[in-house]
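Q: So the protein sequences, as listed, match chains A and B. Letter by letter, the first sequence follows residues 62 to 837 in the numbering used here. Letter by letter, the second sequence follows residues 241 to 439 in the numbering used here.
Hints are computed from structural coordinates only; laboratory data are not their basis. Treat the hints with care, as some may be off.
Which residues of chain A face chain B? A few of them, derived with a C-beta cut under 10 Å, are [to be verified]:
| hint | residue |
| --- | --- |
| 1 | L271 |
| 2 | V670 |
| 3 | M770 |
A virtual CB, placed ideally from N, CA and C, is assigned to each residue, including glycine.
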Amino acid sequence: MSDDLSGFSLYELFRTEAEGQGAILNEGILALEQTGNAPAAIEPLMRAAHSLKGAARIVGMSAAERLAHALEEVFVAAQKGTRVLDSSHVDVLLASVDLLGEVSRIAEGGVEAWLAEHGGRLEAQIATLLAIESGTWVAPEAKTTPATPATAFDSLPPPVDTAQTVSTLTPDSAPNKSGVTAETPSVGRAESSDRAVRVTAENLNRLMGLAGESLVQARQLRPLIDGIGQLREAQTQLWDRLDALEHDLHGLTSEATEQSRELLVGAKHQVAHCLELLDGRVERLEDHARRGEDLSERLHHEVISSRLRPFVDGVRGFPRLVRDTARQLGIQVRFEIVGEQTGVDRDILEKLEAPLNHLIRNALDHGVDLPDERRAAGKDPHATIRLEARHVAGTLQVRLSDDGRGIDPERVRAKVIDRALAPAAMAEKMTEAELFEFLFLPGFSTKSEVTSLSGRGVGLDVVQSMVQSVGGSVRLSSQLGIGSCFTLQLPITMSVIRALIVHIAGQPYAFPLSRLESIQGVDASSVETLEGRPFFTIDGESVGLVPATQVLDLPQTATTAQCLPVVVLSDRGSRFGVVVDEFLGERDLDVRPTDPRLGKIPNISTASVLEDGWPVLIIDVEDLVRSIDNLLHGRRFKLAEAMASASAAKRTKRILVVDDSITVRELERQLLESRGYAVDVAVDGMDGWNAVRSVEYDLVVSDVDMPRMDGIQLVSQIKRDSRLRALPVIIVSYKDREEDRLRGLDAGASSYLTKSSFHDQRFLDTVSDLIGEAIE
Amino acid sequence: MNEPSKVDARSFFDREPPPQYLEEWVERLAQPEQQVEQDPVSLVIFRLHEEYLAVQTGWLVEVTLPQPIHAIPHRSNDVVLGLANIRGQLRICVSVHGLLGVALAPSIQQIHHNEAPRDAHPEASPLRMLILHERSEQWVFPVEEVLGVHSLPKDALRSVPSTFGRAGAFSQSVFSWEGHTVGNLDGTRLLSALRSACK
Chain A
62 MSDDLSGFSL YELFRTEAEG QGAILNEGIL ALEQTGNAPA AIEPLMRAAH SLKGAARIVG
122 MSAAERLAHA LEEVFVAAQK GTRVLDSSHV DVLLASVDLL GEVSRIAEGG VEAWLAEHGG
182 RLEAQIATLL AIESGTWVAP EAKTTPATPA TAFDSLPPPV DTAQTVSTLT PDSAPNKSGV
242 TAETPSVGRA ESSDRAVRVT AENLNRLMGL AGESLVQARQ LRPLIDGIGQ LREAQTQLWD
302 RLDALEHDLH GLTSEATEQS RELLVGAKHQ VAHCLELLDG RVERLEDHAR RGEDLSERLH
362 HEVISSRLRP FVDGVRGFPR LVRDTARQLG IQVRFEIVGE QTGVDRDILE KLEAPLNHLI
422 RNALDHGVDL PDERRAAGKD PHATIRLEAR HVAGTLQVRL SDDGRGIDPE RVRAKVIDRA
482 LAPAAMAEKM TEAELFEFLF LPGFSTKSEV TSLSGRGVGL DVVQSMVQSV GGSVRLSSQL
542 GIGSCFTLQL PITMSVIRAL IVHIAGQPYA FPLSRLESIQ GVDASSVETL EGRPFFTIDG
602 ESVGLVPATQ VLDLPQTATT AQCLPVVVLS DRGSRFGVVV DEFLGERDLD VRPTDPRLGK
662 IPNISTASVL EDGWPVLIID VEDLVRSIDN LLHGRRFKLA EAMASASAAK RTKRILVVDD
722 SITVRELERQ LLESRGYAVD VAVDGMDGWN AVRSVEYDLV VSDVDMPRMD GIQLVSQIKR
782 DSRLRALPVI IVSYKDREED RLRGLDAGAS SYLTKSSFHD QRFLDTVSDL IGEAIE
Chain B
241 MNEPSKVDAR SFFDREPPPQ YLEEWVERLA QPEQQVEQDP VSLVIFRLHE EYLAVQTGWL
301 VEVTLPQPIH AIPHRSNDVV LGLANIRGQL RICVSVHGLL GVALAPSIQQ IHHNEAPRDA
361 HPEASPLRML ILHERSEQWV FPVEEVLGVH SLPKDALRSV PSTFGRAGAF SQSVFSWEGH
421 TVGNLDGTRL LSALRSACK
């Protein structure tokens with residue numbers, strides 16, 4: 062049963078995708094008539110057809126796959142300029158999209174029946190498309206082309222087709238044979254019952270918050286019960302005193318004492334009764350508290366785990382994709398999935414499917430070598446493609462690796478130079494990692510032959526933009542002859558992380574455990590100072606010490622402790638000790654996003670809530686290490702001082718260059734310094750954002766694709782800040798499509814240049830247009 | 241057929257009104273117009289130290305007991321106090337005192353600086369947190385006291401005197417309530433000032 066359901070959901074997925082891509086195709090094809098065959102207009106069409114092809118292959122709909130492929134071929138020809146699409150072609154293209162929509166709506170299992178009836182129509186359509194592509198098609202001038210009714214322009218099929226689809230469906234549901242109206246609801250119902258279980262992320266967030274809070278509230282009964290325990294204690298003491306009093310009165314005999322004794326006995330009875338009542342109530346309260354806590358804990362756990370789904374849920378279709386494709390290509394592939402049970406946020410899992418699909422096809426088509434080649438290279442003729450998911454450093458890491466032929470950086474370099482994407486001198490100096498970045502550019506492909514699988518460069522850029530849309534990043538590493546590996550780093554927005562809770566300035570903060578090197582109690586007497594900076598020694602290495610309050614810009618906490626609690630962090634070879642107030646222990650935290658109104662808070666990644674209801678901020682270790690580095694080495698502080706003294710004499714305009722490629726950074730720096738500007742550099746958007754807020758710049762020059770914070774985000778942040786709003790930003794990117802340019806300018810960039818502008822004066826001219834010469 | 245004659249028609253229109261009809265109407269029209277309380281304004285009245293302020297109830301989400309406020313590194317200032325856990329949601333907590341330049345009563349200073357433990361007896365103290373919203377955006381701020389939701393006739397609201405201090409800049413009107421002059425805050429202005437303080 063569950064297998065059937067999972068198959069059904071894949072099918073549903075395909076249907077949803079067909080709907081979405083069909084709309085894109087319809088819209089784009091219609092626009093072709095107006096805009097002509099501009100490459101920018103054709104590319105989304107190519108991409109939509111390509112995605113549909115892939116999706117159809119996953120669900121094994123070869124009819125749809127072939128149709129989509131034929132469509133794609135036509136768009137490719139148009140993009141190359143070998144075919145010019147005019148109105149007569151548009152008719153055919155639209156009819157094809159409609160047919161594709163029709164095919165995608167065939168009920169699962171009904172394909173055979175449909176093909177028996179409409180196979181001829183499908184073949185004719187494919188043949189027509191291929192004829193257009195090869196240039197042998199002649200527009201039927203005299204004949205009336207199949208009229209395309211207005212309804213065909215949206216995703217609905219023409220009315221006639223609906224009737225046909227329905228008629229093929231009818232045999233499945235015999236009781237409802239009363240025609241079209243009886244059929245539609247049954248399809249609609251299946252869909253709506255599926256939708257009913259979908260919960261929006263927003264809803265789930267609120268549920269999670271409430272579940273967490275109910276746990277907090279339930280646990281707060283505990284101190285209340287303890288308080289009642291104290292009351293009981295006091296009552297018992299009262300009893301004891303009365304007892305003692307009775308004892309004292311025992312020896313005395315008088316009328317007065319007799320009366321007192323009676324009163325005393327009454328009081329003792331009263332106290333005994335109170336104690337009895339109290340005991341009964343406390344017992345019940347305790348019982349209630351225990352059950353309440355248990356219930357809240359279960360609820361909390363359940364809500365949290367409802368966000369997470371095992372990784373394998375999102376990748377069930379891939380083994381089949383790999384097997385089918387490998388057979389088609391004549392290669393032998395072993396496909397392994399590691400970390401099947403890794404919890405993945407449901408939203409992310411959903412978004413991962415398409416990029417992973419691209420990457421797997423990519424690996425099969427580009428990566429894996431033929432069995433003979435493999436034998437010749439001394440490798441196992443069975444290639445291995447491995448898909449791994451795990452939690453690393455508070456993020457979800459998904460790696461797709463193959464042991465195929467790898468990527469030749471020299472070929473990429475040649476292509477970069479060939480396509481004039483960068484000056485030859487610059488390209489020569491690029492590292493492998495920098496070169497591989499080019500593979501993510503739209504339209505950049507090193508594969509010269511085109512197959513139905515992949516290889517037109519409509520792939521990696523799509524993967525990148527999809528991953529970036531969920532706030533993640535993709536990196537590619539490869540060794541020629543040994544294999545390639547794509548690493549997707551994704552946030553776990555709603556996941557649970559294990560963290561060390563500490564107090565800083567009297568309030569709780571959390572360090573993700575995975576990012577900690579160690580924690581130490583450092584004896585105050587073992588702290589030495591060098592040039593006024595404190596440090597201590599671990600394994601013979603001096604480690605600089607920084608109070609957390611100083612890095613986080615919080616009020617200092619007075620401490621007299623002999624033993625300093627120190628969190629040791631390391632990043633890229635540098636090691637630091639962060640002094641906190643105290644360690645509070647390890648906890649599992651359900652990560653909650655911070656309020657978007659706050660933007661990215663420096664040194665903080667997200668937040669959570671502790672068991673006692675206290676908010677806790679989760680430290681962004683990468684950011685913190687960088688801040689400490691800046692603090693200790695006084696890079697920016699020294700700069701600021703230098704600036705102050707320089708401005709007294711003659712002010713030099715200062716520019717911040719933000720780029721994650723050291724080659725580009727250095728090139729830009731040299732160009733700008735040759736004109737007399739003072740230049741600082743930042744290695745990514747986050748670093749840049751921290752820099753613009755600590756030093757006053759006249760201009761920022763930024764790349765777009767960078768880890769942690771990309772250029773677009775950086776520009777938006779700057780433009781949102783009232784003090785920085787006036788700061789001009791130039792974006793320099795490899796991406797030269799109009800939509801990329803618009804995205805940059807929309808975010809608020811003053812100018813958008815491509816990296817080819819380094820060749821000529823354009824880059825420097827733009828700079829001087831914006832801010833004038835270096836010294837005025 | 242008996243057509244009604246002109247005379248019939250005239251006598252119909254010229255007929256005498258029933259007795260007392262005119263008097264009744266004269267009396268009714270002579271009455272001063274009934275003070276119908278057309279859309280009375282519903283306001284939440286609260287106190288910041290010695291200032292009495294109000295905001296239209298439509299802006300209110302809820303009133304809660306004081307919660308601990310977690311300072312935000314690099315972000316907390318006079319206006320932005322930090323994050324507070326409101327029913328499991330982390331909300332930005334701001335200081336309207338800071339925005340309006342109102343002094344902090346010693347009791348509320350504790351909340352601002354988080355000296356009050358959560359499990360003290362918050363019910364006993366009048367300190368509360370007020371949560372306002374604009375669409376899905378919520379703003380939380382501590383106040384010394386919430387004096388309830390009150391309904392006022394619209395014409396009880398007067399224009400803001402120029403002497404009304406800094407709160408005047410955010411008030412759209414003032415009114416008298418139990419011997420106090422209360423500033424009726426303009427929610428839009430207040431929240432947009434808070435919003436820009438967050439940046």
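Q: Next step is simple, just say for each hint if it's right about the structure.
A: Structure-based check of each hint:
no., hint, verdict
1, L271, "holds (5 Å)"
2, V670, "holds (5 Å)"
3, M770, "violated (16 Å)"
Consistency note: the structure conflicts with earlier hint 3 alone.
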